[in-house]
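Produce the complete structure using the sequences and hints provided.
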Amino acid sequence: MTKIIQFVNKLGQVVLRFLRSAGQLGLFATDTLYHCVTPPFYGKALFRQFIDIGFYSLPVVALTTLFAGMVIALQTYSGFAQLSAEGAVAMVVLVAVTRELAPVMAGLMVAGRIGAAMAAEIGTMRVTEQIDALYTLSTNPFKYLIVPRVVAGVFMLPVLVLIGDVIGIFGGYMIGVSKLDFNASTYLMNTWEYLKPMDIISGLTKAGVFGFIITLLGCYNGFNSEGGAQGVGQATTNAVVSSSILILVFNYIITELFFSI
Amino acid sequence: MVLFQRKKTPQTSKIRLVNVHKAFGRKKVLDGVDLDIRTGESLVIIGGSGTGKSVTLKCILGLLTPDRGHVEIDGHQVSLLPRKEQEQVRSQIGMLFQSGALFDSLSVWENVAFSLLQNKTVDKVTAKQIAIEKLAQVGLNKSIADSYPADLSGGMKKRVGLARAIATNPNVIFFDEPTTGLDPIMSDVINELIVSTVKTLGATALTITHDMNSARKIADRIAMLYEGKIIWIGTVKQLDKTTNPYVRQFVTGCANGPINVEVKAD
Numbered sequence: 001m002t003k004i005i006q007f008v009n010k011l012g013q014v015v016l017r018f019l020r021s022a023g024q025l026g027l028f029a030t031d032t033l034y035h036c037v038t039p040p041f042y043g044k045a046l047f048r049q050f051i052d053i054g055f056y057s058l059p060v061v062a063l064t065t066l067f068a069g070m071v072i073a074l075q076t077y078s079g080f081a082q083l084s085a086e087g088a089v090a091m092v093v094l095v096a097v098t099r100e101l102a103p104v105m106a107g108l109m110v111a112g113r114i115g116a117a118m119a120a121e122i123g124t125m126r127v128t129e130q131i132d133a134l135y136t137l138s139t140n141p142f143k144y145l146i147v148p149r150v151v152a153g154v155f156m157l158p159v160l161v162l163i164g165d166v167i168g169i170f171g172g173y174m175i176g177v178s179k180l181d182f183n184a185s186t187y188l189m190n191t192w193e194y195l196k197p198m199d200i201i202s203g204l205t206k207a208g209v210f211g212f213i214i215t216l217l218g219c220y221n222g223f224n225s226e227g228g229a230q231g232v233g234q235a236t237t238n239a240v241v242s243s244s245i246l247i248l249v250f251n252y253i254i255t256e257l258f259f260s261i
Numbered sequence: 262m263v264l265f266q267r268k269k270t271p272q273t274s275k276i277r278l279v280n281v282h283k284a285f286g287r288k289k290v291l292d293g294v295d296l297d298i299r300t301g302e303s304l305v306i307i308g309g310s311g312t313g314k315s316v317t318l319k320c321i322l323g324l325l326t327p328d329r330g331h332v333e334i335d336g337h338q339v340s341l342l343p344r345k346e347q348e349q350v351r352s353q354i355g356m357l358f359q360s361g362a363l364f365d366s367l368s369v370w371e372n373v374a375f376s377l378l379q380n381k382t383v384d385k386v387t388a389k390q391i392a393i394e395k396l397a398q399v400g401l402n403k404s405i406a407d408s409y410p411a412d413l414s415g416g417m418k419k420r421v422g423l424a425r426a427i428a429t430n431p432n433v434i435f436f437d438e439p440t441t442g443l444d445p446i447m448s449d450v451i452n453e454l455i456v457s458t459v460k461t462l463g464a465t466a467l468t469i470t471h472d473m474n475s476a477r478k479i480a481d482r483i484a485m486l487y488e489g490k491i492i493w494i495g496t497v498k499q500l501d502k503t504t505n506p507y508v509r510q511f512v513t514g515c516a517n518g519p520i521n522v523e524v525k526a527d
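These protein sequence lines are chains A and B, in that order. Quick note, the first sequence lines up with residues 1 to 261 if you use this note's numbering. Quick note, the second sequence lines up with residues 262 to 527 if you use this note's numbering.
Any given hint could turn out to be false.
Unchecked claim - Between beta-carbon pairs, the in silico distance windows are:
{"hint": "1", "chain 1": "B", "residue 1": "Ser414", "chain 2": "A", "residue 2": "Tyr56", "range": "29 to 39 Å"}
{"hint": "2", "chain 1": "B", "residue 1": "Gly286", "chain 2": "A", "residue 2": "Tyr194", "range": "41 to 51 Å"}
{"hint": "3", "chain 1": "B", "residue 1": "Lys460", "chain 2": "A", "residue 2": "Leu25", "range": "40 to 50 Å"}
Since the hints were derived computationally from the structure, they do not count as laboratory data. Keep in mind it's a predicted model, so treat the numbers as computed, not measured. Glycine residues also receive a C-beta, built at the ideal position from the N, C-alpha and C atoms.
What follows is the structure, given as C-alpha cells:
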C-alpha cells in the first residue's frame with residue numbers, strides 16, 4: 001500500500017511539474033509576443049540574429065537537404081522500379097522535400113545549432129548576472145535578448161527551407177540524371193509539372209512555426225537556467241530535446257491541417 | 262590623514278524597506294526586514310553567506326518581488342508605479358555586481374556606455390568619449406577601451422563594472438560584494454574608488470559584503486542581517502563598542518558564539 005501511495009505521489013509531482021513548466025512557457029511566449037509589437041526595437045541585435053540564424057545555418061541546412069534529396073531519389077527508384085513507376089521519382093522527390101524533408105531537416109539542424117547556442121548563451125548570461133545587469137541598465141531583457149532571436153527565427157527558417165527545397169530537389173535531380181539515367185529535361189519537366197504552391201506554402205508555414213519553437217525554447221530554457229555550468233548544460237539539453245520533439249509533433253499537426261482529407 | 266572626508270548627510274529617507282518578507286518554497290530568506298537608507302549616506306549590510314543580503318538588494322532593485330511588505334524609493338512604492346516611471350526610477354540607480362556581470366560580446370567601452378547607447382541619449386562618438394572618461398575615473402587607461410571582458414583581470418573587471426555603474430551619474434549606487442575574490446591591495450583600491458565615486462556623485466550607496474575591512478572603509482552606517490531580519494544598525498564607531506553577541510561574533514570572525522554555522526552533513 002505504501003509503495004502505491006509513493007508511486008502516486010511521484011506521478012503527481014511529475015504531472016504538477018509538467019503543468020507548471022507548460023504554464024511558465026505559455027506566459028513566457030505571451031510576454032515575448034507582447035514585446036515583439038511594443039517599442040523599443042533593437043535593430044542591430046535583430047540584424048545580428050538574422051545573420052547568425054540565417055547565414056551561418058545555411059551550410060548545414062544545404063548539406064542535409066542535398067543528401068536527403070539524393071537518398072529519396074535512390075530509395076523511391078528502387079521501390080518504384082518494381083512497379084514500373086520510375087517516372088514518379090521526380091514527383092516523389094519534389095513532394096517529400098518541399099512538404100517534409102526540407103522543413104523537418106532544417107528544423108532539427110537549426111534546433112541543434114541555434115537552439116543549443118541560444119540556451120547556452122542566455123543561460124550563461126543568467127548565471128553570471130548579466131540578465132540582472134540588463135534590468136539595472138534600464139534595458140528589458142525580453143526586448144534586447146529574446147525578441148530579436150524569436151523574430152529572426154520565425155523569418156529566417158522559411159528562407160532556409162526555401163533554399164533547402166531548391167537544393168534538395170537538385171540533389172534528387174543529380175542522382176536521377178547521373179545515376180538513374182533519367183533524361184535531364186524530362187526530369188525537370190516532371191518536377192515543374194507537379195510543383196504545387198500548396199506544397200511550398202505548407203513547408204514554409206512549418207518552417208515559420210519551427211523557427212518560433214526553436215528560438216522560444218532556446219531562450220526559455222536559457223532564461224530560466226539555474227546554478228552554474230551544470231544548470232546551463234541542462235538548459236541546453238532541454239532546449240534541443242524539447243524543440244526536436246515539438247518540431248515532430250507540430251509537423252504532424254500542420255500536415256493534418258493542410259492535407260487532411 | 263583622512264583621505265575622503267564625507268559630507269554631512271541629510272536625514273531624509275532615500276530608500277525604505279518596510280516589513281519585507283521573501284521566501285523560496287519553504288525556505289524563509291527575509292522575515293520582516295525594516296531598513297531606512299538616508300539620502301546621501303553610505304549604508305553597508307553585513308551578514309554571513311545565505312542570510313539574504315543579495316535577496317534584499319534584489320528586492321530593492323525590483324528583480325524580486327517581496328511576498329509581504331514593500332520597498333520605497335524617494336517615498337514611492339516602485340512596484341506600484343506605471344512601467345515607464347519604474348524604468349525612470351531604475352535609470353537613477355547604478356549597480357556593481359559581484360562578478361562584474363560585464364557583457365562578454367561587447368567591448369569594454371560598449372559595456373561602460375551601454376545605457377547611453379541603448380537609450381540613445383548621445384551619439385556613438387560621445388558615448389565612447391564618456392566611457393573613456395569614466396574608465397579614467399576608476400583608474401583605467403583608455404587603451405583597454407576596445408578590449409573585451411575576457412581579456413581583463415578580476416580587479417579590472419570590477420573597475421569596468423564600477424565605471425558602467427556610474428556612467429549615467431546615478432543618484433543611488435548598489436555594490437554587491439565589491440571586494441570578493443580580490444587580493445587585499447586590490448580590495449583596498451576598489452574600496453577607495455567606491456568612496457571617492459560615491460562622494461563625487463553625491464549618491465546614496467548601499468553595499469552588501471561580509472568583508473569587514475571593506476565595510477569599515479565604505480560605511481557611514483552598518484546594518485547586520487541575520488535570519489532574515491536586521492538585528493543591529495549603527496555607525497562604524499558604534500560597531501566597535503557594541504555588546505550585541507551576534508555582531509561581536511561576526512566582526513571578530515569567531516567560530517564559537519550564538520551564530521551557528523552548519524558544517525555537519527545531514
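*Tell me, which hint numbers fail for this structure?*
2
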